[in-house]
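Line by line, the protein sequences give chains A and B.
Okay, so the first sequence: first residue is 1 according to this note's numbering, each after it adds one.
Okay, so the second sequence: first residue is 1001 according to this note's numbering, each after it adds one.
These are calculated hints, taken from the structure and not from any lab test.
A few of these clues could be false.
Keeping only pairs whose Cα atoms sit at most 25 angstroms apart, straight-line, the calculated DMTMM-like set for lysine to aspartate or glutamate is [to be verified]:
id, chain 1, residue 1, chain 2, residue 2
1, A, K433, A, E482
2, B, K1090, A, E10
3, A, K71, B, D1017
4, B, K1090, A, E55
5, B, K1126, A, E2
6, A, K54, B, D1120
7, A, K356, A, E474
8, B, K1015, A, E70
9, A, K67, B, E1016
10, B, K1037, B, E1050
11, B, K1126, B, E1149
12, B, K1085, B, E1029
13, A, K410, A, E194
14, B, K1011, B, E1055
15, B, K1090, B, E1122
16, B, K1146, A, E10
17, B, K1085, A, E51
18, B, K1126, A, E42
19, A, K338, A, E402
20, B, K1085, A, E55
21, A, K451, A, E482
22, A, K442, A, E396
23, B, K1085, A, E16
24, B, K1126, A, E10
25, B, K1146, A, E6
26, B, K1126, A, E16
27, B, K1112, A, E55
28, B, K1107, B, E1003
29, B, K1011, B, D1049
30, B, K1061, B, E1031
31, A, K54, B, E1078
32, A, K5, B, E1149
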Amino acid sequence: MEEFKEYLEETGEIGEVIGFSNCIAEISGLPNLRLHEMVISESGDKGIVFELKKEMAKVLIFGKNLKVGEKVVRTEKSFQILVSENLLGRVVDPLLKPIDNLGPILGEKEYWEIYRDAPGIVKRRRIKKPLNTGVMLVDFLIPIGYGQRELIIGDAKTGKTTFLLQIIVNQAKEGVICIYVGIGKETSAIKFVEDYLKAEGGFQNTVMIIAFAKDSPTLNYLAPFAGMTLAEFFRDKGKNVLIVFDDLTSHAKFYREISLLAKKLPGRSCYPGDIFHVQAALLERAGNIETRWGERAITALPVGETLENDLSGYIQTNLMAMTDGHIFFDSEEFRKGKRPAINPFLSVSRVGNQTKNQLEREIVQLIRKHLIEYQKAQAVSQFGIELSPKTRKILEIGRKIEILFEQDPKTLIPYPLRIFLFGLLFVGFFDGKPENLCKLEKEEIIKIFEKGGLKELEKIEKIKSIDELKNFIEGIVPKVKETLHPSFKNASF
Amino acid sequence: MEEIFEKISQKAITKEDLVFLLEQLSVIEKEIFTNPKNLLSEKLKGKIDESLRKEIEKLEKEGILPSTPQDQISFFKEFENFLFKIPTVKLEIAFEPSNDFLVELDKWFKEKVKRKMILDIEINPKIIGGVKIEYQGRWRDYSLEKEMEKFYGGI
Chain A
1 MEEFKEYLEE
11 TGEIGEVIGF
21 SNCIAEISGL
31 PNLRLHEMVI
41 SESGDKGIVF
51 ELKKEMAKVL
61 IFGKNLKVGE
71 KVVRTEKSFQ
81 ILVSENLLGR
91 VVDPLLKPID
101 NLGPILGEKE
111 YWEIYRDAPG
121 IVKRRRIKKP
131 LNTGVMLVDF
141 LIPIGYGQRE
151 LIIGDAKTGK
161 TTFLLQIIVN
171 QAKEGVICIY
181 VGIGKETSAI
191 KFVEDYLKAE
201 GGFQNTVMII
211 AFAKDSPTLN
221 YLAPFAGMTL
231 AEFFRDKGKN
241 VLIVFDDLTS
251 HAKFYREISL
261 LAKKLPGRSC
271 YPGDIFHVQA
281 ALLERAGNIE
291 TRWGERAITA
301 LPVGETLEND
311 LSGYIQTNLM
321 AMTDGHIFFD
331 SEEFRKGKRP
341 AINPFLSVSR
351 VGNQTKNQLE
361 REIVQLIRKH
371 LIEYQKAQAV
381 SQFGIELSPK
391 TRKILEIGRK
401 IEILFEQDPK
411 TLIPYPLRIF
421 LFGLLFVGFF
431 DGKPENLCKL
441 EKEEIIKIFE
451 KGGLKELEKI
461 EKIKSIDELK
471 NFIEGIVPKV
481 KETLHPSFKN
491 ASF
Chain B
1001 MEEIFEKISQ
1011 KAITKEDLVF
1021 LLEQLSVIEK
1031 EIFTNPKNLL
1041 SEKLKGKIDE
1051 SLRKEIEKLE
1061 KEGILPSTPQ
1071 DQISFFKEFE
1081 NFLFKIPTVK
1091 LEIAFEPSND
1101 FLVELDKWFK
1111 EKVKRKMILD
1121 IEINPKIIGG
1131 VKIEYQGRWR
1141 DYSLEKEMEK
1151 FYGGI
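Make the full structure from the sequences, and use the hints.
So, in C-alpha cells, the structure goes:
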C-alpha cells in the first residue's frame, strides 16, 4: 500500500481495473501509460502493460488477487527484476525468486529492466572464437562460435535437452556462465536437468530459470526475457554467457494464449502477428559485443520442437529465420539408434565455420566428402546387387565415420582428441577392422585420454594441415597400438 | 439535441443522481407502449419524479418529443447514451456536502471546464480538509492530510 501511495503521489495518475480474465486485466485511466511499463495495484500486485488502446490498457498480471474496481498506479519504469551474481548455482522462477528451498538470494542485487534494446551494430564484433560443445559431430560439421544464435530443433524425446546439457557442462567447466531457461516444463523434466548438471559438474556456474507448465502464462512468457536480462548482467560483468531457451515453441504457445485472451487479432495458426518480432527482439540481444572488458559474448541456443520431423511449421521457420543456423535432431536417426541423433545434412551453421582453423576445415571437407559418397553408396547397396570393391570401401569408411561420431551423453571430446580420432581414420588405423573392435578401440582411446594418457596429443594444437597431421599420427600409431592391444588381448570378435 | 439533454439532466449532479435518473428512464421506457391514446407525460403521473415529468410535458408542448412510441424510445435511448458519456470527476472530501454546496460545486465545474460533469463524492474524514481530485486518470491531492503528516512527522 505504501508503494502504491508513493507512486500515486509521484506520478499523479490513477487507473481502475475494469475487467479481468485469467492473466489479463483491463485498466482505465492512467493517461500517460507506456507499453511494457510496470503498474502496481492497491493490494501490491504488479503487472506489465501489454497493449495500449485509446481508453484502456491491457496489463499482464502475475497473481490472481486483483479485483475489478481496484485502483492501479503507474511506476514510470519498465518491468524490472533483481539480478545478482549470487544467483549462480540456484534454481529460480522468472522473477528470479528461488524455488530450490535453499533460502533467499543474499548479497548485492541490482534492478535490471527485462525489456532492453539489443546492442547496435557499432558494438557488435565478428564471431571468431569457437565454442566447443564436446560433441564431436557438432564441433566438426555444425560448429558454433561464441556469440552465435543456433537453433536446436527436432521432435520431442530425440535428445535435444541432453545435448544442451552436454554443452552446458562443457562450457561451465571452462568458466562460461550458463543460463538454462525452462519454459512450460514438468517438474520431473527439471529435476532431470538439475540432477544431470549437479552430477556432471558445472552447476555452480549455472542458473536455472524455470517456468513450469502449471505456472501462469505470464510467467512462462517472461521467462526468456528474464534469462536474457540476467545474461546481459553477467556479460556486462565481463563474463561470457551461454543461454539455453528450452523451448521457444512452448513460449510462442504461451504468447498466443495471452494474445488471444487480450483479443489481439489472430494470424497464421492463431498466433498474433507480432510473434516474430517478440522472439526476434529477444534473440537479437545475444551476440559478440564490445564491452569495457573487451569482447564478451552471449551465445543463445533456443530450442524449437517439431512434429513428425516437420521443419516447415510457422514458429519453426520463424526461429530458423532469426538464428544463425540450426541443428536438426532427426527422429528417424534416433529410432535407428544413432546418438546424438543429429542429421548433419539438414543442419547448418552460418557463422560457426569462420571460427575454424585451416586443419579443421580440411578435415571437415574430407568428412563431408566421405559422408556424401556414403549416403549415395547406401542407396545403391539397398538394391542387393554385388558391390564393387570401391563402393564397399566407401561404405566401410562411412560406417567408421558414423561410429566415430557416436557419443554417449556423458562423454565430452575435446579438440585434440577429436582431431586425433579422425587422423587415425585417415591414416587407415581402423581399416579392415570389424565395427565392434573399432567402437571398443575408440572408447579405449577416449578413456586413456581422460585418464591423462596420450600426452603427445598436446602437439596437435600446433598442427596446421592435414598432411602434417597424417605424418604426426603415423609417427605415434605404434605407440597407440602398444597401449591399446593389451586391453583387447582376450577379446574375440 | 445535446442542449435539450443537458437541460433535462441539469439536476443530476452526483453519481447517485445519475443512477436515479437512469432508473427513471427505464420506467419511462416501459410506460411508452402502454395506453397509446394518452400523452406520455400523463401516463407517467405518479410514476416518476415530478420535476422530470414536467420537463417531459414541456418537451411535448414544444413538439420536441416525438409522437410515435418507436421514436420516443430512440429519443430516450439517445438521452441515455448522452448520460453515459458525461465525464465523472471523483472528489474525496472530509465532510458530508449539503445540496447547496453540491450545486455551487457543479456551477464551478461548468464555469471552469465548460461542460457538464458528474461528481462522484467520497467522504473520508481522514483527509481533514481540502480535496483529492481524480479525473480521467489524473490524480491531485489538495487535502490537508499530507501537510499534517509532514507537520507531525517533523516533530
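For each hint, the structure was consulted:
no.	hint	in the structure
1	K433(A) x E482(A)	17 angstroms, holds
2	K1090(B) x E10(A)	19 angstroms, holds
3	K71(A) x D1017(B)	24 angstroms, holds
4	K1090(B) x E55(A)	18 angstroms, holds
5	K1126(B) x E2(A)	16 angstroms, holds
6	K54(A) x D1120(B)	23 angstroms, holds
7	K356(A) x E474(A)	24 angstroms, holds
8	K1015(B) x E70(A)	18 angstroms, holds
9	K67(A) x E1016(B)	23 angstroms, holds
10	K1037(B) x E1050(B)	21 angstroms, holds
11	K1126(B) x E1149(B)	11 angstroms, holds
12	K1085(B) x E1029(B)	20 angstroms, holds
13	K410(A) x E194(A)	15 angstroms, holds
14	K1011(B) x E1055(B)	11 angstroms, holds
15	K1090(B) x E1122(B)	7 angstroms, holds
16	K1146(B) x E10(A)	13 angstroms, holds
17	K1085(B) x E51(A)	24 angstroms, holds
18	K1126(B) x E42(A)	18 angstroms, holds
19	K338(A) x E402(A)	8 angstroms, holds
20	K1085(B) x E55(A)	13 angstroms, holds
21	K451(A) x E482(A)	17 angstroms, holds
22	K442(A) x E396(A)	16 angstroms, holds
23	K1085(B) x E16(A)	18 angstroms, holds
24	K1126(B) x E10(A)	21 angstroms, holds
25	K1146(B) x E6(A)	12 angstroms, holds
26	K1126(B) x E16(A)	22 angstroms, holds
27	K1112(B) x E55(A)	24 angstroms, holds
28	K1107(B) x E1003(B)	16 angstroms, holds
29	K1011(B) x D1049(B)	11 angstroms, holds
30	K1061(B) x E1031(B)	19 angstroms, holds
31	K54(A) x E1078(B)	23 angstroms, holds
32	K5(A) x E1149(B)	13 angstroms, holds
When each numbered hint is compared with the structure, no violation occurs for any of them.
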